[in-house]
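Enquirer: Sequence:
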Amino acid sequence: MSLTERLQAELDDIAAAGLTRRRRVLASPCGRTAVVDGRELINFASNDYLGLAGDPALAAAFAHGARQWGTGSGASHLLGGHLEPHEKLETELAAFTGFARALTFSTGYLANLAVTPTLAGRGAAVFADKLNHASLIDAMQLAKANGAAIHRYPHADLSALERLLAASAAASKLIVSDTVFSMDGDLAPLPQLLELAERYDAWLILDDAHGFGVLGENGRGSLAHCGLPAAERILLMGTLGKAAGVGGAFVAGSETAIDYLLQKGRAYIFTTAAPPAVACALSHSLQRIAAGDDLRQRLFAHIARLQDGAAGLPWRLLPSATAIQPLIVGGNAAAVALSDALWQRGLWAPAIRPPTVPAGTARLRLSLSAAHTTDDIDKLLAALRELS
Numbered sequence: 001m002s003l004t005e006r007l008q009a010e011l012d013d014i015a016a017a018g019l020t021r022r023r024r025v026l027a028s029p030c031g032r033t034a035v036v037d038g039r040e041l042i043n044f045a046s047n048d049y050l051g052l053a054g055d056p057a058l059a060a061a062f063a064h065g066a067r068q069w070g071t072g073s074g075a076s077h078l079l080g081g082h083l084e085p086h087e088k089l090e091t092e093l094a095a096f097t098g099f100a101r102a103l104t105f106s107t108g109y110l111a112n113l114a115v116t117p118t119l120a121g122r123g124a125a126v127f128a129d130k131l132n133h134a135s136l137i138d139a140m141q142l143a144k145a146n147g148a149a150i151h152r153y154p155h156a157d158l159s160a161l162e163r164l165l166a167a168s169a170a171a172s173k174l175i176v177s178d179t180v181f182s183m184d185g186d187l188a189p190l191p192q193l194l195e196l197a198e199r200y201d202a203w204l205i206l207d208d209a210h211g212f213g214v215l216g217e218n219g220r221g222s223l224a225h226c227g228l229p230a231a232e233r234i235l236l237m238g239t240l241g242k243a244a245g246v247g248g249a250f251v252a253g254s255e256t257a258i259d260y261l262l263q264k265g266r267a268y269i270f271t272t273a274a275p276p277a278v279a280c281a282l283s284h285s286l287q288r289i290a291a292g293d294d295l296r297q298r299l300f301a302h303i304a305r306l307q308d309g310a311a312g313l314p315w316r317l318l319p320s321a322t323a324i325q326p327l328i329v330g331g332n333a334a335a336v337a338l339s340d341a342l343w344q345r346g347l348w349a350p351a352i353r354p355p356t357v358p359a360g361t362a363r364l365r366l367s368l369s370a371a372h373t374t375d376d377i378d379k380l381l382a383a384l385r386e387l388s
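Under our numbering, the first residue of the sequence shown carries the number 1, and numbering increases by one thereafter.
Read the hints as simulated data drawn from the structure, not as lab findings.
All values derive from a computational prediction rather than experimental measurement.
Heads up, a few of these hints could be off.
Pairs of lysine-lysine, BS3-like flavour, derived with a Cα cap of 30 Å [said to hold, decoys possible]:
id, residue 1, residue 2
1, 264, 130
2, 264, 144
3, 144, 130
4, 88, 264
Please take these sequences and the hints and turn them into a complete structure.
Expert: Below, the structure written as structure tokens:
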């Protein structure tokens, strides 16, 4: 069997298991509706939680930034690619999150790859929630390659985590967790995680991709939502292409921790800085997030309406208080069939299957946005009732 034939055999196996992934090509900007193959659908597939991705003011800020600063940064941050808009945005992100300092990255995946492997070398131990995002899992594997011991605890199981921490003699310990879990929508027990980090003198690495901009006072994120301080032992990652509506990510922490990442984080040192126009748009986005109580109120009203209306359906909504509303279907084929049936009714609700979620828990991942209307939610509910 040739190399290509081996790949094709694996692809055939993926298709036979109902796990083939397919890209949809949009002929419209990100928003509450999407035009695909000439059809307009109500979009429940996007992470644009506040509806800012298509905001004209953000687009104007982006365009103004490109006119003033050009289209590219030209180099890594440490080799001449750190422009004034980058510095301004990092200062604003630190102030917004309450931390002493922040670093910006091109993507959240890259930001996560920078943190855990940099802090967890030989003799360290990493304690990670089993439902962490793939980027945190890959970061953990890089730390393992550096000589760190790896421990994965059952999802949100504080007793199991404490047993692992108590049994570890590692010189340096890191607790790593999503704040809002991307496929379940539930919130990590952050106060208890911080308490364990303090008791066992561990770093607490948090990925707030789905909490930043949505949760907490002024949308400051999951820590603010839980009333937790910007403690020195916390490193907070937030993505800027979801609620913030633009792109990129940041890591916020103490002055010393951020300087350490700047000096030693390979994923920061060896990559080109994002275009400065992105930073210009994000500075405007931060202002909109801070003043966006109206958007968050609308989003949470949509969440409540969906949850109330889904009572009695044969599929179960997971108990999520966030914009991620997973509807558990079970089998892969059944989830795809339900997604396709909604598609035919003008509703885009993607099916999520293993290995993204555990076997037997294929689901529709319904992502709600402040850009949605009450009528959008009602159309989704009516279609689900019709198909039940």
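Enquirer: Hints first: check each against the structure and report whether it holds.
Expert: How the hints compare with the structure:
1. 264 with 130: holds (27 Å)
2. 264 with 144: holds (17 Å)
3. 144 with 130: holds (16 Å)
4. 88 with 264: holds (22 Å)
Violation of the numbered hints given earlier is absent; every hint is satisfied by the structure.
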